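Trainee: Spelled out from the first residue to the last, the chains are:
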Amino acid sequence: MISEQYGALCRTVARDILGSEQDAEECLNDALLQIWNAIPPAQPENLCAYLMKTVRNHALNRYKSGHRAKRGGGQQAAALEELSELLPSSENVLSELERRELLAAITRFLQSLPAKKRNLFVRRYWGFTSFSDLAAEFGMRENNVQVTLSHIRKKLLAYLRKEGLL
Amino acid sequence: MNVTELSELLNDLPDQMIVSAYRHSRTGGDAASAGLAAAPVSAKSPGGQIAVSHRTAAVPRWTVAAALAACLLFAVGFGAVLLHGNDDMLIPQNSPVDSMLEEVTAVTASAQTTPALTKTVTTQRTVQADTTTAKAETAQPVTAAVTSEAALSIETEAIESTEEIQTGALPEASEPAASVTESETTTIVTTTTIPREPHKIMQMTSVEEVEREGSRMVGEYARRIAELNGKIDEDAPRITTEEVMQMIADGMDFRAVLQRLHELYPYPDYIGGSGVTNIEYWLDRSGTDFILLTIEQETVVHIVHGPDGTGNVFDILNKGGTP
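Chains A and B, in that order, give the protein sequences. Going by my numbering, the first residue of the first sequence is number 1, and it counts up by one from there. Going by my numbering, the first residue of the second sequence is number 167, and it counts up by one from there.
FYI, nobody ran anything at the bench for these hints, they're computed from the structure. Predicted model, so just to flag it, every value in this text is computed and none were measured. All C-beta atoms, glycine included, are put in the ideal place defined by N, C-alpha and C. There may be inaccurate statements among the hints.
Unchecked claim - Have a look at the derived ranges for each label pair, beta carbon to beta carbon:
| hint | chain 1 | residue 1 | chain 2 | residue 2 | range |
| --- | --- | --- | --- | --- | --- |
| 1 | A | S65 | B | A231 | 41 to 51 Å |
| 2 | B | P403 | A | N143 | 30 to 40 Å |
| 3 | B | N177 | A | S132 | 17 to 27 Å |
Claimed, not checked - Partial pick of chain A residues on the chain B-facing surface, computed with a CB cut under 7 Å:
| hint | residue |
| --- | --- |
| 4 | E96 |
| 5 | R123 |
| 6 | A158 |
Please model the complete structure; the sequences and the hints are all you need to start from.
Mentor: Below, the structure is given as structure tokens:
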């Protein structure tokens, strides 16, 4: 039933990361099994988001294990590479509190953006969706997507500096 | 911060933001996305692509434009009938969305063409707006509220575009928009149902167990984990209420208090939350008496749980925050 209701969304999340339908399907099944074992002890506030996050984690683990495929392969690294330049350096290990503050700041920043830009950002940097897929789904040109995301990153950089987090 | 940490950080973005990004990617609309983010997903295409529910203001702009054009034609004909004195035509339409679009267009058309028709059509529009508002306020079934919300957001869009053409001829046109705001506000309420059992944490002797409990509580029991990992003693000093009150009395704002506490006690007992970030510093190992800091609301609250988990006492220590 969960699969019927949220399967397509979760499959999209997995496919964006893994790049293949077959891997995405396997990943979704693994995630559903874990969710089956975790519920009812886990009582997520938003079931859909909980499922998507679980699937994302499974997909990322799978990706790291070398199950990368033709399409979408490398999107994770590419997307995070775009963002990582904005964030504190790897030498500086963030405490949980600092991490939470950074997340809260990013969240505040995203909430201040128009919905379309916010959705673009989340799809690219949370879901690792490729530029071409984003362009198709948001009705934009690929180049336009890249430029828009670049502007958002610059704004985020300025915002985090203003907040004293960088 | 390395790539893995960054990936994990982004995984904790708010639930609604994530769901919304996937459900509204094709529309990207501002009006509909906020209130609909928590609604269940209902429409999916066979190929696994995200399909957009008909409720989610996914109506393409060309559809609205076509509807408006059709309604404009209808209104012109309608106006002609009215000119001949046939008042029986003023019957409410079947669908709230359709009728809204039609009536707004009718108002526009009449304002532009025949001043004599303005009053009649405006009356009809007010009645229908009231009906829709009443429907939105019966928030009993979530889907009903969401549906009317989506309908109303379309209506707002239509009204906005109409108002540009009207040049202020009909002041009543802004009333339904106010109703829209009201109904949107009432549908975005969520609650947390996870029971809090702090005493169990201190009885746990393995990091995995504490981490699992932390995960269940959408956060992390940082101090207990640090204790079990040998980073701090179990008897390491704990925060006191007086200490926090003194900081606030000294004029420290929320950020300064947060920073100071982090320096003094780097491992809060609990840090986490869904939608908001709660940081708990327990005053003793029972976890029933604690200082709670909420980053997003910038509040510092002293909370005492009753022995049976009820009768909590809340004392907001920094009055500047929003409880």
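Trainee: Under the criterion of a CB-CB separation shorter than 7 Å, is R123/A in contact with chain B as hinted?
Mentor: 5 Å, holds
Trainee: Against chain B, run the beta carbon of E96/A and see if the smallest gap drops under 7 Å.
Mentor: 5 Å, holds
Trainee: Taking the CB of P403/B and the CB of N143/A, does the distance hold inside 30 to 40 Å?
Mentor: Violated, since P403/B and N143/A (Cβ atoms, about 57 Å apart) do not stay within the stated range.
Trainee: For the hint on A158/A, does the least C-beta distance to chain B fall short of 7 Å?
Mentor: 18 Å, violated
Trainee: Measuring from beta carbon to beta carbon, are S65/A and A231/B in 41 to 51 Å?
Mentor: 50 Å, holds
Trainee: With 17 to 27 Å as the target window, see if N177/B and S132/A comply at their CB atoms.
Mentor: Because 24 Å falls inside the window, the suggested range holds.
Of the numbered hints listed earlier, those contradicted by the structure are 2 and 6.
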